[in-house]
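Peer 1: This is what each chain is made of:
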Amino acid sequence: MSYIIDRRLNAKKKSTVNRQRFLRRYKKHIKRAVEDAVNTRSIRDIDRGGEVSIPNKDISEPAFHHGDGGIRQRVFPGNQEFVAGDEIKRPEGGGGGGSGQGQASNQGEGEDEFTFQINQEEFLDFMFEDLELPNMIKKQLRDATSFEVRRAGFTSVGSPDKLNVVRSLRAANARRIALSGKERRRIRELKTEIKTLEGLLPNQEAVLQIAALNEEIKTLNLRIKRMPFIDEFDLKYNNLIRTPVPSSKAVMFCVMDVSGSMTQTIKDTAKRFFILLYLFLTRSYKKIEVVFVRHHTHAKEVDEDEFFYSRETGGTIVSSALNLSADIIQERYPPGDWNIYVAQASDGDNWDGDSHLCREVLEQRILPLVQYFAYVEITTGSHQNLWLEYEQIREKFGETFAMQTIVEASDIYPVFRKLFEKKE
Amino acid sequence: MKQREPISTGSEWTFELIQKYDQEIARVAEHYGLDTYPNQIEVITSEQMMDAYSSVGMPLNYNHWSFGKQFVSTEQQYKRGQMGLAYEIVINSNPCISYLMEENTMTMQALVIAHACYGHNSFFKGNYLFKTWTDASAIIDYLLFAKNYIAKCEERHGVDAVEQMLDSCHALMNYGVNRYLRPQPITPEEEKNRLLEREEYVQRHLNQLWNTIPRKDEVVQDKTPHFPKDPEENLLYFIEKNAPLLEPWQREIVRIVRKISQYYYPQRQTQVMNEGWACFWHYTILNHLHDEGLVTDGFIMEFLHSHTSVIYQPPFDSPYFNGINPYALGFGMMQDIRRICENPTDEDRQWFPDIAGSDWNETLQHAMRNYKDESFILQYLSPHMMRELKLFTITDNTALSTMQVSAIHDEQGYQQVREDLAASYNIGNREPNIQIYNVDIRGDRSLTLRHYIHNEQPLAADTDEVLKHLHRLWGFDIHLESVTPEGEVQHKLHCPVKMNVDAVA
Chain A
1 MSYIIDRRLN
11 AKKKSTVNRQ
21 RFLRRYKKHI
31 KRAVEDAVNT
41 RSIRDIDRGG
51 EVSIPNKDIS
61 EPAFHHGDGG
71 IRQRVFPGNQ
81 EFVAGDEIKR
91 PEGGGGGGSG
101 QGQASNQGEG
111 EDEFTFQINQ
121 EEFLDFMFED
131 LELPNMIKKQ
141 LRDATSFEVR
151 RAGFTSVGSP
161 DKLNVVRSLR
171 AANARRIALS
181 GKERRRIREL
191 KTEIKTLEGL
201 LPNQEAVLQI
211 AALNEEIKTL
221 NLRIKRMPFI
231 DEFDLKYNNL
241 IRTPVPSSKA
251 VMFCVMDVSG
261 SMTQTIKDTA
271 KRFFILLYLF
281 LTRSYKKIEV
291 VFVRHHTHAK
301 EVDEDEFFYS
311 RETGGTIVSS
321 ALNLSADIIQ
331 ERYPPGDWNI
341 YVAQASDGDN
351 WDGDSHLCRE
361 VLEQRILPLV
371 QYFAYVEITT
381 GSHQNLWLEY
391 EQIREKFGET
401 FAMQTIVEAS
411 DIYPVFRKLF
421 EKKE
Chain B
425 MKQREPISTG
435 SEWTFELIQK
445 YDQEIARVAE
455 HYGLDTYPNQ
465 IEVITSEQMM
475 DAYSSVGMPL
485 NYNHWSFGKQ
495 FVSTEQQYKR
505 GQMGLAYEIV
515 INSNPCISYL
525 MEENTMTMQA
535 LVIAHACYGH
545 NSFFKGNYLF
555 KTWTDASAII
565 DYLLFAKNYI
575 AKCEERHGVD
585 AVEQMLDSCH
595 ALMNYGVNRY
605 LRPQPITPEE
615 EKNRLLEREE
625 YVQRHLNQLW
635 NTIPRKDEVV
645 QDKTPHFPKD
655 PEENLLYFIE
665 KNAPLLEPWQ
675 REIVRIVRKI
685 SQYYYPQRQT
695 QVMNEGWACF
705 WHYTILNHLH
715 DEGLVTDGFI
725 MEFLHSHTSV
735 IYQPPFDSPY
745 FNGINPYALG
755 FGMMQDIRRI
765 CENPTDEDRQ
775 WFPDIAGSDW
785 NETLQHAMRN
795 YKDESFILQY
805 LSPHMMRELK
815 LFTITDNTAL
825 STMQVSAIHD
835 EQGYQQVRED
845 LAASYNIGNR
855 EPNIQIYNVD
865 IRGDRSLTLR
875 HYIHNEQPLA
885 ADTDEVLKHL
895 HRLWGFDIHL
905 ESVTPEGEVQ
915 HKLHCPVKMN
925 VDAVA
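From first to last, the protein sequence lines are chains A and B.
Position one of the first sequence corresponds to residue 1 (our numbering), numbered consecutively onward.
Position one of the second sequence corresponds to residue 425 (our numbering), numbered consecutively onward.
It is worth saying that the hints were derived from the structure and are not from the lab.
Positions of the beta carbon are idealized from the N, C-alpha and C atoms, including for glycine.
Treat the hints with care, as some may be off.
Claimed, not checked - Subject to a maximum C-alpha distance of 20 Å in a straight line, what follows is the list of computed EDC-like cross-link-like pairs (lysine to aspartate or glutamate):
1) LYS57(A) - ASP591(B)
2) LYS616(B) - GLU579(B)
3) LYS89(A) - ASP888(B)
4) LYS503(B) - GLU51(A)
5) LYS814(B) - GLU81(A)
6) LYS13(A) - GLU527(B)
7) LYS503(B) - GLU122(A)
8) LYS653(B) - ASP864(B)
What the hints assert, rightly or not - Each pair of labels, with its calculated beta carbon distance range:
9) GLN914(B) - GLN80(A): 35 to 43 Å
10) GLY852(B) - LYS89(A): 29 to 37 Å
11) GLN384(A) - ARG580(B): 21 to 29 Å
12) ASP36(A) - SER733(B): 37 to 45 Å
13) GLN80(A) - GLU766(B): 52 to 60 Å
14) ARG618(B) - ILE5(A): 31 to 39 Å
15) LYS57(A) - ARG811(B): 41 to 49 Å
16) THR556(B) - GLY85(A): 49 to 57 Å
17) LEU441(B) - THR115(A): 36 to 44 Å
18) PRO739(B) - LYS89(A): 16 to 24 Å
Claimed, not checked - Over 12 Å on every C-beta distance to chain B, these chain A residues come out as not near it, computed from the model:
19) GLU51
20) GLU61
21) ARG74
22) GLU121
23) ALA152
24) SER156
25) VAL165
26) LEU220
27) TYR285
28) GLU301
29) THR313
30) GLY315
31) GLU395
The following block holds chain A by itself, in its conformation from the complex (with noise of 0.2 Å):
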C-alpha cells in the first residue's frame, strides 16, 4: 500500500536561507555587479533588480581530482570507421569529451562565468548599502504604490461575505419568471378558455371541461412551484477589485554641469544621487518624469545617455541651465498639475559673475515653483562663490531649499534625511 501526500502547499522557501548564505559569501561580486548597473542603466529602471557574474575559479569547491597528463583508457559509443591500432591526433582541448569525469566547462560550452539573478528587493539592498539609508527608508522605497479596494460591479463568483442579496433574489426572480413562461402562458389560455365555457354553463359537458381544465392548471402552477425559489446561478457577489491609489503627477529636473572640471566619478557620485531622489519620488508619485538639463556655458535639454556619458569643455555658466529650466517649467509643467523637484550637481565651479545671477533666477522663477530644489556640490576643495551665494538663499527657503557637500557616496544619504524629515 503505498500513500500518496500532496505537498503542493507546503513552504516552497526552503532554500531561501541557502541562498542568503550564497549571497553573503558573494557579496563582493554582487557589489561590484550592482554598481556596474548603476552606472550603466538609466535611472529610471534602477530598481528592477539584476544580473551578477562571478568567475567560476572563484566560486568553486576545491576536491581531489585528477589533472591532465598520464595514461587513460576511455571507452566511446559510436564507433564508425576505427579499427584497434589507429591513431589519431589528440582534439584541441585536452580532454576532447571526457567520460564524465572532467568538467562541463571543459568541453566548450560551459559557461566561464557563473551568471545568476538577483531580485529588486536584493538588488536595492546591495545598492543603498553604501548610503547608510536606515532600514526604514529602505523599505519604504521598495513598496512604491499602495492599493485601494473599490467596488466594481458584480459577479458571479466569490465569498459568502460579499454576497449581494438583493442582486442574488432579483436574479433568481428573473430566471423564475423566464423558465415558467411556458407554464404560465398555458394557464392564461387556459383561463380564457374557462371564461369561454363559463358562458355555456350550466352545460353539463361544459362543467366536466372546467373540471379538466381547472385540474391541468392547478398541475401547472405546481410545477411553477416546484421551481427552485433560488438557485446556485442566481447569486451575484460584490466585486471588488484593487486599484492603485491615484496620485499627482510629478517632474524631477537633474541639473548637471558638465564642464571640463567634472570628472567621471563626479558624475557617477552625481548619478547615484539622482538616482535616489527618483526613487523617493517614485514612492510618493505614480508618474513621473524626469528631465535632465546639462550646461556648461551654455544649457542643453537632452536624454539621459548623453546627460551622464558625453564630456565637453569649456567655462560655466550656471544660470543658463536654472534659466532653462524655469522656462521648461512654465511652457511644459504647470505648477498647478505637477509637482516639480530640481536636483543639481555640480563641482562648485561657476563664472565669478554667474553666480549672484544664479541666486536671482532661483529666488523669482524657480524656488517659487517647486516642491523641492536640492543642490548637491561634490568636491573636496573649498567652496567657491556660487555655494556662498546659494548659503544665502537657504537662508530665506529653508522649507524647499536644501544644499550639501558630498565627497563620496556615504555622503548623499544626509541631503535626503533632510528630505524625509520633512514629509514625515
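For chain A, the structure is supplied; the task is to place chain B on it using the hints.
Peer 2: Just chain B now, with coordinates in the frame of chain A:
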C-alpha cells in the same frame, strides 16, 4: 490475456487516478517478484522540485551556501529553459519517498511511479551495497539530527565558524568513506545519547596521544613510531578522531559530513545499474499493463517517446555527447541479459554459459543484488551489447603525440573494451588514491599524505586549495607526496607552502 478497460484516457492526472495506477503497477511488480519498501509518493510543484535538487535530493538538510549556489544555478537554468527538471526524485529511505511533479501528465506520473517507486525502490532494498552501507530507516531522522545540531552550532559559535568547518569538510567529502569496512549503522537516538560520551572520550584519547612525553633514552631517530600504523583512507574519520586542535562540536560536524558522504557512497558506485534496473522495470511493467489493456495506445506512445529520449546514447562525435549515458548502458544491458536468457545465440552460450537459457527474472534479480557498476559490466557486458553501442577504447597517453584506438567491438577487442569500461566505473580509478601516511607526533605534528599515482595521472591544479582546507582541520603543516608504483616520491606539495629548495625542485 483478457482485455480490460483502460484506467484512464486523458492526460490529466488526479489523486484517484494516481492511486489506481499505483495499485495496478504494484500488482504487476509483485507478479514479477519485486521486493520493495513501502512507498510514500509526494506530489510537489516545480519550485519545490528545485528546492529538492539543491539539497542533493534530500527532503531536509543543514544550511550551507553551496546548496544556495546549486539552487540559484538550477533556478536560473530552468527559467531560461536551458534545462528541464527531472521528472522525479527518489530517496533511499524506508518508507521510500518519491516526488512527482505537478506538471507531469498522467502518463509521466505512471512512468515515474513504475520507475522510482518500484524500480529504484527495489534496487535500494535489494542491492548488497545499499544493504551493507546505508540504513534506509534511519537516514531521515539522522538528517534531522544533523540539521538541528548544525543550527545549534551556528547559534553558539557563529555562522562563519560553522561555514568554514563545513567548507573544509566538503572539500574532503569523497575521502570521508570507508571503502572496505562496514560502518556502524546510524541510529539518531543512540547518536544523541552517545554524543557527550564520545566527545569526552575522544578528547581524553587525544590528550594521551599528544601528551606522550618521550623519555630521553627512548628517542632514537630511526625508531620514530609510525602513526597511523597503517595508511588511513578515510581522511575525515582520521581527522575526527585525531586532529589535535578541534573543538568537540567541530569533530561532530566532521562526523556528520562523513556519515552523509558514506550514505551516498553506494549511489556513486551503482549509477548504471540503478538507472538501468529502474528503466528496465518501468519499461516491462508499463508494457505489461498495455498488454492487459489497462493503458491506451496513446498512453504507450507518449511513454515510449519519453523512454526513448531518456535511453538515447549519442555517438562520441555528436554535439550532444556527454559521456556514456548510464540510462542507455544500464537499460541496454538489462534488456540484453533478458535476451540472453530467453533467446541465446551461440555466441551468448559461449560467453555466458551460466545464464544462457536460464530464468531471466531470477538472473536479473541475482545481478541486481550482488553487483556494483564495475563488477556488473565486467560480468555481463556482452559482445552483442558492445556491437550495439559500437564501443571502442581510446588510450590517451600524454607522453605520446597521438592517441591510440586500442580496442574496438570485434572478436579481439571484446575483452579489452569490457575491462576498460568496467575500470572507468571503479571509483578507485576515477578519484586519486590519497591516504594518510604519517603524523610526526614527536615533532612538529605535521601530517603527511600519500598520493599513490595511478597510470601516471597527476593531481589537478587546485589540489593546494584542498590542502588549505585540510590544514584548517588539522591545525599543523600538511605534506602531500605523490608516490609512483615503484615507491618513489615523485612530487611534493606543502601547506602552508614551503619557501625552500624542496618546493622549488
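Peer 1: Of all the hints given earlier, name the ones this structure violates by number, lowest first.
Peer 2: 3, 11, 13, 16, 19, 20 and 21
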